[in-house]
Amino acid sequence: MIEWTRKHLLSLEELTREEIELILDNTASFKEVLTREVKKVPALRGKTVVNLFYEPSTRTRVSFEIAAKRLSADVINIAAETSSARKGETLFDTGRNIEALKADIIVLRHSASGAAAMLSRHVNISVVNAGDGWHEHPTQALLDIFTLKEKFGRIEGLEVAIVGDIAHSRVARSNIWGLSKLKAKVIVCAPKSLIPAEIEQMGVSVVTDDIDVAIANADAINVLRMQFERDEADMFPEQLDYFKKYGITQERLEKAKKKIVVMHPGPINRGIEISSEVADGSQSVILDQVTNGIAVRMAVLFLVAQGAKKRR
Amino acid sequence: MHEKSKIMDKIGIQKTLIRIAHEILERNKGAKDLVIVGIMKRGAYLAKRLAKAIEDIEAVSVPVGTLDITLYRDDLSLISEKPVVQKTDLMYDITGKKVILVDDVLYTGRTVRAALTELIDFGRPQFIQLCVLIDRGFRELPIRADFVGKNIPTSQKESVEVRLEECDGVDEVVIMEQDDD
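If you read the sequences in order, they're chains W and C. For the first sequence, my numbering begins at 321 and goes up steadily by one. For the second sequence, my numbering begins at 56 and goes up steadily by one.
So that you can see chain C by itself, here it is in the shape it has in the complex (with noise of 0.2 Å):
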């Protein structure tokens, strides 16, 4: 694999935060009973940024929780990669609530699905969006995000990489490629 393009920088990162959070601010009239959940790891951080610029506009604190969906999966031989499951913090009753479920990058929708029956679990929200920084296509499931930070036409060769500083050091998006042999 190699490093094809760079499509977000820092700047870019942060300022399609504060775009998505207007956005969710705007399509739900407010902060009221909103709940962020991100999908760990990097949803779960992205949670927490987007969480920030709410309240950075609004001034108002909304809940966050993190969901680590390992035992909900479809396919327990993909988790090699994970091999210690984390845990998952929902310290709010979601019973009612409106629940923003966020991701850093959609494909598939497999992983949404697995968030989505353990979210349900948990208990029955008013309703739940789905916010992703990064939409590459290439679904298997009927799931659409209801904020998408950018579209980003890809190929099945190549995968996008969403670093941030949290876990990586850096904040940006990049496109990787497999190297052809």
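Just chain W, with the same shape it has in the complex (with noise of 0.2 Å):
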């Protein structure tokens, strides 16, 4: 087994497969935590956490709240809605000041790619990226990745389909890294422009724009939520052309295997990208991703706070 040393979790590109399974291992350990009648431990007493959000979240900051209480840390909220971010204070700026109000971990969320990455190279104390522009959102990934492993007991030799708009989605890009690296078989089916061109290199096996052809043989299908821009005149035609073309619906899961596992990072557009029957339905696993979310992050947090101390 290896030892973390991470301070930082940035990406799932860059963690090992070994890394990976490390913090999936730990997860499980922290879910039992939350089945207790006292769901806190004092791993992180006398820490800080500073969920410093620049895109409005609920269920990833409330998560990482949640996580952050249960492991007994204090937890501060900024949203940049309401901070000096408003008043021009950079990114750069904002981190060297929390730190220097004795912080010990910045959770970020960032609507720049490499926001987190960045804020690293510059403040000494730990970073986890809370999902940084169209670049990943790491522990969205590693709670799918999580759930898949709970349902199947592996995740080497699992076929996954990813559904959606890939090319503008950090949760796509972090399940690819994730899945490819722990050898699953993921495929990518979305309308051919909302396909980024580099994708096979990220480790696809599977890139089509038809539907029934992505979840043929799929074991699990994790559906990206859709977002049109609220402005366009024709925006409901072109949800409803959606639905029909790429849903998930009874009838589609119908023709694919008996056991497949249906997954959303939420928040779910009800009749755009996946029907109510579906998505309350029994193959539906979207709410247990919401649990898992809480102890992944536990995981996360206890691991860089770990790293932290040893690379002091």
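No false leads were mixed into what you were given.
Okay, derived cross-link-like pairs now, PhoX-like style, lysine-lysine, Cα gap no bigger than 25 Å in a straight line:
1. C:Lys142 to W:Lys630
2. W:Lys359 to C:Lys142
3. W:Lys630 to C:Lys96
4. W:Lys471 to W:Lys359
5. W:Lys360 to C:Lys142
Some chain C residues flagged as far from chain W (calculated, every beta-carbon gap over 10 Å):
6. Arg82
7. Ala86
8. Asp88
9. Lys103
Worth flagging that the hints you see were computed from the coordinates, not collected in a lab. Heads up, the beta-carbon is just placed ideally off N, CA and C, and yes, glycines get one too.
Could you fit the two chains together into a complex? Lean on the hints.
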């Protein structure tokens, strides 16, 4: 078994297979803590976690907040809309100020790809990437992979279809890195305009714009949230068209494997990328993902805190 | 580190556990309300063996749980030898029970301190008694064991290794000594 030595979690691209497995193994134990009567352990007592969010997010922010609190850390939430960022303070300066406030870990959500990596080079405290632009959302992919491992007992050899706006999705990118490192077969499915050019080089096995091909032999589907431009006049027909061509419905699932598992990072758009019947159905693990998200983030916060200690 | 001496073999461990099982039953007037909780990882195996020994004597089954104290330690940096936090498995409500806490070696007492804090977060036992296979001294906290397999005077240069078939392939207790250089 390898030892965790990283002070930051910035992407899954930079992790080895062994490091990803180490996080997943720890996650199982942290999940047990959530089943206790006293759902709190003193592991990060005296540490301060700052959630620094430059983009609106409820579930990721709340999940990190609960995770940190379950580990007895103190948690401060900073939403950029109400912070000095509005007065023009740069990310760099904000980060240095948080460090001067003697925080130990910054959890950063930012609209610029590479923001977390940049911040990690300029502060001496730990940085955890909670989503940077279109680049990566490592803890989301880790919780998706953990959920799959819980359902199937393994990742190697599983066939996982990622469906939706691949080009603009950090969730897709992190999942592709993580799943391919763990030797799953990854299929991406989207309208051609939403598939990025370099995709095969990331370890994707199949690229298709036909949803029925994508899910024909899949063990799991990860349905991405579709974000249509809100000001377009023809938004509604476009959404209907997407649902018709790519929406995950019970009829489509009839043709797939019986034990297929349906995931979604949330928040779901009912009737756009997924039907209500599927979202609420027996194959959906969407709410398991939410619970597992806390356990994964507990494991990540715990590990980077340990990593920071070793690097001192 | 090199092996200095072997202080217990398979038979020795076996006999010691049977003796402790009798002591536990005598002190607690039977097996009623007993829950045996082992500290990961060798304490957990010893707890299972102890429960089996009690069952052989009393013909009743005794619940067994395991405790991983990593998240309750007072020094995070000491965890490096153990990269994965193990699952704590306490399916029984320990409130009102007589908990026998089991570990392989009692040394500074810090592990036991962490285990006591964790146990109390799980419920309010009637009492907790501590059982260790080896007590090697050098306590840093006011903690003592109720049941001791063997007291072994050691020096700080030495360490005691309990090896069990379940994880080490062999049953023995040895004293290891640091090499002089």
